[in-house]
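Here are the chains, one letter per residue:
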Amino acid sequence: MASAIDPAAAVPRLGRARWHWAEALPWLALAAVPFVFPGYLALGCQVIVMILFALSLDLILGYAGIITLGHAALFGTGAYAAGMLSAHLGWNEPITGLLVAGAAAAAVGFVSGWFLLRYHGLALLMLTLATAILLQELANTLAPYTGGYDGLLGIAIDPIFGRFANDLFRQNYYVYGLIVLLAAFLIARRVVASPFGQSLVGIRENVKRMHAIGAPVHGRLVAIYTIAAAMAGVAGGLFAQIHAFVTLQVMGFQLSGAVLIVVILGGAGRLYGAFIGAAIYVILEDQLAKLSPEFWEFGVGLVLVATVLFARRGLLGIAEDLTARLRRRTP
Amino acid sequence: MLSAAVSILFDGLAYAMILFIIAVGLSITMGLMNFVNLAHGVFAMAGGYATVTMIRAWEVPFLAALPIAFVLVGAASVVFERLLYAPLYRRSELDQVLMTIGFVFMAIAAFTYFWGPNPLGIEVPRYLKGQVDLGFREFPTYRLFMIAVGFGMILALWLVFERTLLGARIRAAVDNRRMAQSLGIDVGRLFTLTFAVGSGLAAVGGGLAVELIGLRPTFAIQYLVHFLIVVAVGGLGSIRGAFLAALLLGIIDTAGKYVWPAGGGFFIYAITVVALLIKPEGLYGKRD
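Protein chains in written order, with numbering that gives the first Met the number 0: chain A, 0 to 330; chain B, 0 to 287.
Think of the hints as simulated: they come from the structure by calculation, not from any bench.
You may find that some hints are simply not true.
[Said to hold, decoys possible] Partner residues aside, some chain B positions facing chain A, computed with beta carbon under 10 Å:
(1) P86
(2) L87
(3) L93
(4) D94
(5) L97
(6) T99
(7) F102
(8) I107
(9) L223
(10) A231
(11) L235
(12) F265
(13) L276
(14) K278
(15) P279
(16) E280
[As the list claims (entries may be wrong)] Derived lysine to aspartate or glutamate pairs resembling EDC-like cross-links, with alpha carbons at most 20 Å apart:
(17) B:K278 x B:D174
(18) B:K256 x A:E136
(19) A:K207 x B:E92
(20) B:K128 x B:E58
By construction, the Cβ of each residue, glycine as well, lies at the ideal position given by its N, Cα and C atoms.
All chains should be built: construct the whole structure from the sequences, respecting the hints.
Put into structure tokens, the structure is as follows:
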């Protein structure tokens, strides 16, 4: 069955843990931003948060083939965990704050994944969607703790290591985010290149056969879902620390949809697709929404429809096809 | 207390009718093709805007505007079905989800561009305003009218489904598409037809809903989850299931918001999750 996920993409490229020279490019680009565009680091922070969030979705969607319409629930859990830790408990140390955010989201991911990942198809879609809205309504109901509809105020994060504060231009937080992203990426890369990661691709491609050879399908899905949840939670925590403000939108359907678009646009099942998709999405949103929000929304929809109809493997898929064709022509 | 219970039942029933009219087409098309369609709310919204525009700009009577919206949106939906949906029938759920989400975004942007982001309303005819005395107490006329329309539609759909050849063909194709095809039923054409009728019904539901729940460009996403819950909890392709689910959802949602205004939206999602955990194929769905 044809799919937006390219079955061949995951296996050969990251099957071996050896690094390809091209993998340095996105990191060099991200590292160059503070020197080339020092005025755009606030936007850069948004890109980094989105990359991290999309990376977590790519783990479960691109590798394990789990389709979720509620991924923002995990991002939001992390954001509220990090935010409430500072606003209510006065725990303002950023790095442990991120760890708590990741742990909280991992706990939610583990419990919800344990129940939900026995299902597939429409039931799974609906369950992830309903669970996310359930958590959003819960956050709304617990307004004394979460701030509810008005948002969570009073987040005051300490400088990182007591030295690097969150300045107006987000210089320090850009570097902080980039380091967090690198750490998360190394973990993700290790996971997908491991035999465990390969078995996830097996589950995605043919779950019956994986059952037949005795693979513990449910356990593996819950495991990757929990890992991805932790990563989404860290992304959410980073978001809360950067903006010092959390609203109910961090759990909304719009965000779940946006991160899905980012992964598909860049190319699912590749890890680096998240980088390209997030950069294009966030920058275009920033630029086009200035012109007109409708223009932006229409453009996103159009891109998504066109991607599904004409470029199922995303931008990285197109790039791979082009390089493959060039190579064939020049022997 | 009793009076409150009657109010909840009555308002819940009115909302359930809207949900049923809008979602029933979605249920049947999803049952026919297993197509995950997240864009069905767009057709309901289009029906709402068509009704509002006809009444405001051309002074079409309300009762005439609804059937015109049915025809207009039903006809327009065929174009989208052929252009966007047909290429994806054999594709994965993920592709269908993504395409229809993209379609929803485009529709919201387009409607915002042409009609503005603010909620629109209509002036309902005088004979639908006010209250009607049913002997033991008074009820709002418009909601009574909606409940009557809803039951009329259920009767009509039931007759078509159970008593005509077309209905038998649709039921056969929902039950077993391959077997139906090998008996010579053109399932593709059947799908286009039910898609058009289902979209038209959604348009009527959208037109009816304007007075009750308002109309703005985010309608397609705001209520999408409720439509999908009706379909998923009721079971794909089952009119009976869709009706029962719409009834449950309408009444529970109304009751929840009445009893606990701050957190009442919570119940319906909790119940949905539990219902789907127990019966993932829905109340009357087929097991695969």
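Quick check: which numbered hints come out false for this structure?
Violated: none.
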